[in-house]
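*Asks:* Here the structure of chain A is known, so what remains is to put chains B and C in place on it, guided by the hints.
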Amino acid sequence: MPHIPSILTHFSPELILVVGMLLVLTYDLWVRGREGLQANLAIITTVLALVATLVLWVTMPGSHPVFEACGPGAKAGTCRPGAFISDDFTHFFRVLGLLGTLLVLISGQTYMRGRTAFKGEFYALVLSAVLAMNLMAGANDLIVIALAIEFLSITSYILTAFLRHDGLSIEGGLKYFLYGSITSAAMLFGMSYLLGIGGSTSVPALAAIARNPELAQVQGYANIMLPALALVLAGIAFKIALVPFHQWSPDAYQAAPTPVTAFLSVGPKAAGFAVLIRLFVGSFSSLSASWLGTMGLLCLLSMVVGNVAALTQGNVKRMMAYSSIAQAGYMLLGVVSLGGKTLMGLDSVGAVLFFILTYVFTNLGAFAVIIAVEQATGSAELGAYRGLMRRSPLLAVSLVVFFLSLVGVPPLAGFVAKFAVFGAAVTGGQVPLAVVGVLTGVVSVVYYFGVVREMFFGASEEGQPGPIRVGMGTTFVVLVALLMTLVVGLWPEPFITLANNVAHSIAPALQAAGGH
Amino acid sequence: MVDNWGFIAVLTLVAFTVPLIGLALSWLLRPHRPGPIKQTTYECGLETIGDSWVQFKVQYYLYALIFVLFDVETVFLYPWAVAFLGLPLFALVEMVIFLGILAIGLIYAWRKGALEWV
Amino acid sequence: MSVPPGHFMALSAILFSIGVLGVLLRRNVIIVLMSVELMLNAVNLTWIAAGRALGDIDSHIFVFFSLTVAAAEVAVGLALVVAIYRSLGRTDVDDISMLNG
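Protein chains in written order, with this note's numbering: chain A, 192 to 707; chain B, 678 to 795; chain C, 599 to 699.
Please note that the accuracy of each hint is not assured.
Said to hold, decoys possible - No more than 20 Å apart at the CA atoms, straight line, and that leaves these computed lysine to aspartate or glutamate pairs for EDC-like: (1) B/K789 x A/E226; (2) B/K789 x A/E312; (3) A/K532 x A/E684.
Stated by the list, open to error - Over the 10 Å line for every Cβ pair with chain C, so calculated as not near, a few chain B residues: (4) L697; (5) G699; (6) L700; (7) K715; (8) G763; (9) L776; (10) I781; (11) Y785.
What the hints assert, rightly or not - One-sided and incomplete, this derived list gives chain C residues near chain B with beta-carbon spacing under 7 Å: (12) V601; (13) H605; (14) F662; (15) L665.
By construction, these hints were calculated from the structure, which means they are not laboratory data. No experiment lies behind these values; they were computed from the predicted model shown. Don't be surprised by glycine CBs; every beta carbon is placed ideally from N, CA and C.
Bound conformation, chain A alone:
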């Protein structure tokens, strides 16, 4: 039976989010949807959850299961491990998700103000999405993984289609929904076969069975295990938007309200990688022979298709969609480099975590600029960026810094992250993929430079549009992101140590299993 104290302590960030979400909704009903404190309530809730997570992380290190079950549900007398687990790995992704959401909420507040009458619903949905991401970060049971992914998906569909009088927004939401519901059905199908093989929905129990050497002898086992893993991988790859499960992403990114796009480009990706790493690297590393190849293919396709397709985009949101597909490919490169070692003892999983950390701040910084430009010009087309350097030097220069970091230019955070991931790939036996990664990284310079050229050298036909007034929220987010991009780039040691510690908490067996 669930242990009440463990829920109230180790599950407290999630409980805070639930309460906050319900509060925002009831407050909105109370003020009848008028302008009010909805956004502030959401921000306060996120901050409280963040504080709770940090307190948990500092005061109670180690791994703490929540929702343990002993009784008729578990196999003969044994207790089932917690369906949710609160460890360093969970904390890491909780902090990233909550921080990312906080930045999105702050930079997107004024954007949403004039565009929708449903403020309470919007902020309640954003809080639900963070809740779902937190659940994904700590999910330790197939049921929780499936439910959390579905929860995040459904909230994302609604958020994408949120501007319901905008046909484009609805269309993006519908496409997202159609692709999403199909892949999630496929993922559930794969999970049912995992249950059929493992006899349990608990991830540690499944991992124990996967490690059993006798398993390979069972006749027909591979015929079931491989498709099952492939289907589960497809479901997660959809959330991360890896090629070929990416078709929804450019449409959804372009159509969604821009703060939602910013959120989608960061939240679901980070949470998806949390599940991917916990499930495949943390639990099924003994079966790596059966999934490394597939994942390597996804990685290759994502890096190539993402970077090449971004070249021809005239809409910056759409370009960022392809760019983030490519970035997800780089993250996956770290996942497939099992056993690779890179700078300062950072192992392959640590490199992925470090990459995600830098990506969250850099990408959200870039999106804060995109939101501000769209507010000023009403468009996210390339032409809207013409002469931005003259209209707002802060926005233009910071966007350049974020783009340079995404390309991986020293001394910015993105450089260290890419260096770490490529290093892991080279030492982890994925040299061809690393070469492709470097080459496609060079290609990415072209499309980022397209925007930069408009900002600095684009001559405006229709006179000289005046300077852009940048709001407090946007300035704050841009400065925080700039600071992080520079600090992580110039002084990466503490962050590398952090990523490594977190990585060791999830995959202690990885060092022993090195050299795959």
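*Replies:* For chains B and C alone, kept in the frame of chain A given last:
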């Protein structure tokens, strides 16, 4: 004792015979006078004009959605109710929280006017 | 003699494949939605069959959750379809192509 396959056989048999009986009876009892209008596909009332989509009132749709959601939630009440006597106090608290969240959902629908028939 | 679990698995695989075919071949969004529901129900059947064969309760609980999720998903899906019908007047997947590139 009928085994599982027996059940399936019975089910299949019933599934096929019931509609067959209905069709056969109506074929035996009805007068047989065909005409051009009678040969058209049978539909209730008048032939629809234009797209049948426009006939739907949004209210139907909202009602149906809210009904489906609350209907499905009751699924969780059954196992809880069956095992109620064997459960600790915490299960009661958990169910109260669950129903509380559902109640907020209902209040939400109510306040948004989804329950009003216009 | 009872029905072996393999038969259930085969049936659900067939149902799932019919659902996939429906998704791939039909162009009306409503029918695509119905096909997705068929896929989800096929999955439920697998869970129940596997759970019964293994004597595992968890998988039966999973089906409860899965039903709820499917209901929520269909509610959102239908809402999107109605919204797109209002803005386009049609519900064919092929017509929904404002976003491209």
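*Asks:* Work down the list of hints and note, for each, if the structure agrees.
*Replies:* Status of each hint after checking the structure:
Simply put, B/K789 and A/E226 have alpha-carbon atoms about 16 Å apart, close enough for the 20 Å limit, and the pair holds. Under the criterion of a C-alpha separation no larger than 20 Å, the hint pairing B/K789 with A/E312 is consistent with the structure, at around 12 Å. This hinted pair checks out: A/K532 and A/E684 have alpha carbons roughly 16 Å apart, not beyond 20 Å. For B/L697, the non-interface assignment is confirmed: its Cβ lies about 24 Å from the closest Cβ of chain C, beyond the 10 Å cut-off.
In this structure B/G699 is separated from chain C by more than 10 Å, as the shortest Cβ-Cβ distance comes to about 26 Å. No Cβ of chain C comes within 10 Å of the Cβ of B/L700; the nearest lies about 26 Å off, and the non-interface call holds. Under the 10 Å C-beta cut-off, the non-interface status given to B/K715 relative to chain C holds; the minimum distance is some 30 Å. Under the 10 Å C-beta cut-off, the non-interface status given to B/G763 relative to chain C holds; the minimum distance is some 14 Å.
Every Cβ of chain C is farther than 10 Å from the Cβ of B/L776; the closest lies at roughly 15 Å, confirming the non-interface assignment. For B/I781, the non-interface assignment is confirmed: its Cβ lies about 16 Å from the closest Cβ of chain C, beyond the 10 Å cut-off. With a least beta-carbon separation of about 14 Å from chain C, B/Y785 lies farther than 10 Å from that chain, consistent with its non-interface assignment. Restraint check, C/V601 versus chain B: the minimum CB separation of about 5 Å is within 7 Å; hint holds.
Annotation: C/H605 was flagged as interfacial toward chain B, and the flag is violated, the nearest CB pair being 10 Å apart, outside 7 Å. Taken as an interface hint, C/F662 checks out: its beta carbon lies about 5 Å from the nearest beta carbon of chain B, inside 7 Å. Against a cut-off of 7 Å between C-beta atoms, the interface hint on C/L665 holds, since the closest Cβ of chain B lies about 6 Å away.
Checked against the numbered hints above, the structure violates only hint 13.
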